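J.: Residue strings, one per chain:
Number of protein chains: 2
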Amino acid sequence: MIELFFLGTGGTVPSPIRGLPSVVLRRQGEIFMFDCGEGTQFRYLSLHLGVNKKMRVFISHLHGDHVLGLPGLLMTFSVLGRERPLEIYGPKGLNDLLSRVFSLTGFEPEYEIKIFEISSSGIIVKDRDYSVIVDTVDHTVPTFAYSFEESPKPGKFNPQKAISLGVPKGPLWKRLQLGYSVTLPNGRVVKPEDVIEGVRPGMKIVYSGDTRPCDNLIKLATNASLLIHDSTFPSDLKEKAIEAGHSTVEEACKVALKANVQYLILFHLSARVVDVASFLEEARKTFKRSIVAEDYMKIELRREKEIKIIPLKDRVLQPHLWESPQQSEELANL
Amino acid sequence: MIELFFLGTGGTVPSPIRGLPSVVLRRQGEIFMFDCGEGTQFRYLSLHLGVNKKMRVFISHLHGDHVLGLPGLLMTFSVLGRERPLEIYGPKGLNDLLSRVFSLTGFEPEYEIKIFEISSSGIIVKDRDYSVIVDTVDHTVPTFAYSFEESPKPGKFNPQKAISLGVPKGPLWKRLQLGYSVTLPNGRVVKPEDVIEGVRPGMKIVYSGDTRPCDNLIKLATNASLLIHDSTFPSDLKEKAIEAGHSTVEEACKVALKANVQYLILFHLSARVVDVASFLEEARKTFKRSIVAEDYMKIELRREKEIKIIPLKDRVLQPHLWESPQQSEELANL
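Listed in order, the protein sequences are those of chains A and B.
The first sequence begins at 25 in the working numbering and counts up one residue at a time.
The second sequence begins at 25 in the working numbering and counts up one residue at a time.
These aren't lab readings, by the way, just hints derived from the structure by calculation.
One or more hints might be untrue.
The list cannot tell twin chains apart, which means a pair is met if one copy fits it or any two copies do.
[What the hints assert, rightly or not] Lysine-lysine pairs mimicking DSSO-like chemistry, simulated, CA-CA at most 30 Å apart:
hint: 1; residue 1: Lys116; residue 2: Lys138
hint: 2; residue 1: Lys332; residue 2: Lys312
hint: 3; residue 1: Lys150; residue 2: Lys282
hint: 4; residue 1: Lys243; residue 2: Lys138
hint: 5; residue 1: Lys264; residue 2: Lys77
As the structure is a prediction and not an experimental result, all values here were calculated from the model.
Model the full assembly from the supplied sequences, consistent with the hints where possible.
T.: Here's what the structure looks like:
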C-alpha cells in the first residue's frame, strides 16, 4: 500500500482552508516528501509521521511557498533526535539556500543532510524496489516534476506447476517466490519464471510542482496511478494562469487525459477558490476521476484496487483536537 | 489601549499546544511584532491584523524558531497588496539572511522593506508619542530585548483654574489641552502647566527574547506595565536552562520582582511543559501577577486599569473555525 498525506494544498499564500504545499508519500515505513511550504513541520508532527524514518525530500522549485518550511523541519528533526541521514533533492540553489540559512541562524544538524541539486532529467533515486524519476516542467523558474515508481513485482506463484515440476511444498517454494532458482535432488534446475506467471506492475505517483501544461509532464505521468497537478485557477482565469506559469483546472484535466492517468489530484489551489464543489464539478466534465486536494486529506492506494480517500472530516484528527497531550496521545494511535 | 496578541508561545520546537514565538502589540492602529517564528503569517492572517498597517518588526535574535516565519510573512504581504514600507529591527546578520532568502527564492517585494541592524543599546524608534528602546540580554548568540514605551501624557485639564485665570471656555481650552500656551486679549500668557495638573505616565511593555536572567533586562523592564519573559523550563531544570541560555519559571519571576513590573507573562515554554496549571502555581509563589502565555491569547491594557486577559477558549476564534469563508468573514468582524 502507498499512503499519501496532503499536508498543505494551497498555493502562493495560505488561505483559511489551505496551507502551503507539501505532500508526503509513505510506503513500507519510508517517507517521501514533495515540497515543504511554511508550516509543514506542524502538520507533519501532528500526523505523527516520524522524525527518524528513512526519508527523502523532493523540492519542485525554490519559490518561497514551496520551500520555506524546509529549514524549520530540518531544525526540529535535529532537536527531536533524528539520527538517520536525510536526502534532499531539488534545483540548483537549494544547497546555497539551506547552507546560508543554517549558518546565519547558527544551526548545526545532529544528523547528516545530503543535498542533491538536480542537473538533468532521468532517474535520481534507484532503490531496491522503487525509483524516482525527474523531469523539468514549465514554470517561471526552473521547476521539476517527480515520478515515484514501484518496480514491477513478480506475478502469482502457481503451486500446481511447482508440484508438476517436482518441487515439494516448503522452503524451496519460498526461494522461488523470492526470485531465486532452485536445484532439485535429481539435479533439475527450476527457475522462478517456470512457476510464477507474469509480473504485476508497480504503482506510479507523479507530483507536478507548479507548471503550465507541458509535454514533459504528460510523458512523465503516462499511465500513472495518480497525478498530483498544479490547478491554481478556475478555467475562466486562463490568462492569469499563463501569466503566472500555472494551470487552470481544465488544463490539469487535459494533461491527465493525455497522460492516461488513473486518478488526478487537483492541487495548489489559489486562495480564491472557495467553492470547491463547483471546482470539482468543472473538473469532472473533462476528467472524471478528479479529486480536489484538501488539507490533511489522506489517500490509500493498493495495487489493482480502488483508491480510498479519507478526508479530514472523516477522521479523528482535527487541528483543534491537537491541543492537549491526551488528545495528542490519541492521535498517536490513529 | 494597548492590545497584545500571542501568535505563538512555545520555544525551540512547536508542540501540540504551542506554535513558535511571535507577539503582536497593536496600538492606535499601528502594529509592532516581536519575533516571527515559522507559521506566524497564518496566525497573523487568521486574526485579521491587517497586511497594510503601519508596522514594525523586532527580532530578538537569529535562531530559527524566532525568525524563520519572517520571509514568508513578507512574501505574503507582497502578494496580498501591501504598499506601505515596513521596518524590521534585529541583530547583525538579519539583512544578509533576508537578502539571501529573497534572492535565492526569487522574491522581489512590491513594497519597501527597511532593515535596521542594531549596533548599540538605546532608543531605536522615537515616534510622536512612543519610543522603542533596546538592550542586549544573555543568550547563546547576540540577543536583544525590546521595551515599547508610551510617552507620558498631559494630566487632567482643570476648567476651574482656566476660568479663574480668565481663559473663556472654547477654542483656547483646546489649545491648552494640546500643550500650547495661549495669549489672552489683556496680553496675559497662560501656559498649559497653569491649567493641566501633572502628567499621566504611559504604558511600558517589555519583550525579552531568549535569555538568562540578567541585569540589563531588569534595568530595561523596571516599572514596566508588562514583561514578556523567557520561561522555557520548570524550576527543577535550572541546569538545562543555564546550558541552553534560557530561564526557568522561578528565574523569570525573580526578574519580574526585581524590575518591579506590574504583570509578568511567562513565554517561550518548552514543549515539555504540558501541566500549565502547576507551572502557573509555581510561578505565583514567587510573583503573584504571573500569567502563562497561551497561543491566540489576547491581552488588553488600559492605563490605570486592570488588564483583561482573553484566552482562546473565551473567544469566537478557534483554529478549526478558520475553515470556511463564511466563518472567516465572521472573524473579520470580531
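J.: If any of the earlier hints don't hold here, list their numbers in rising order.
T.: none
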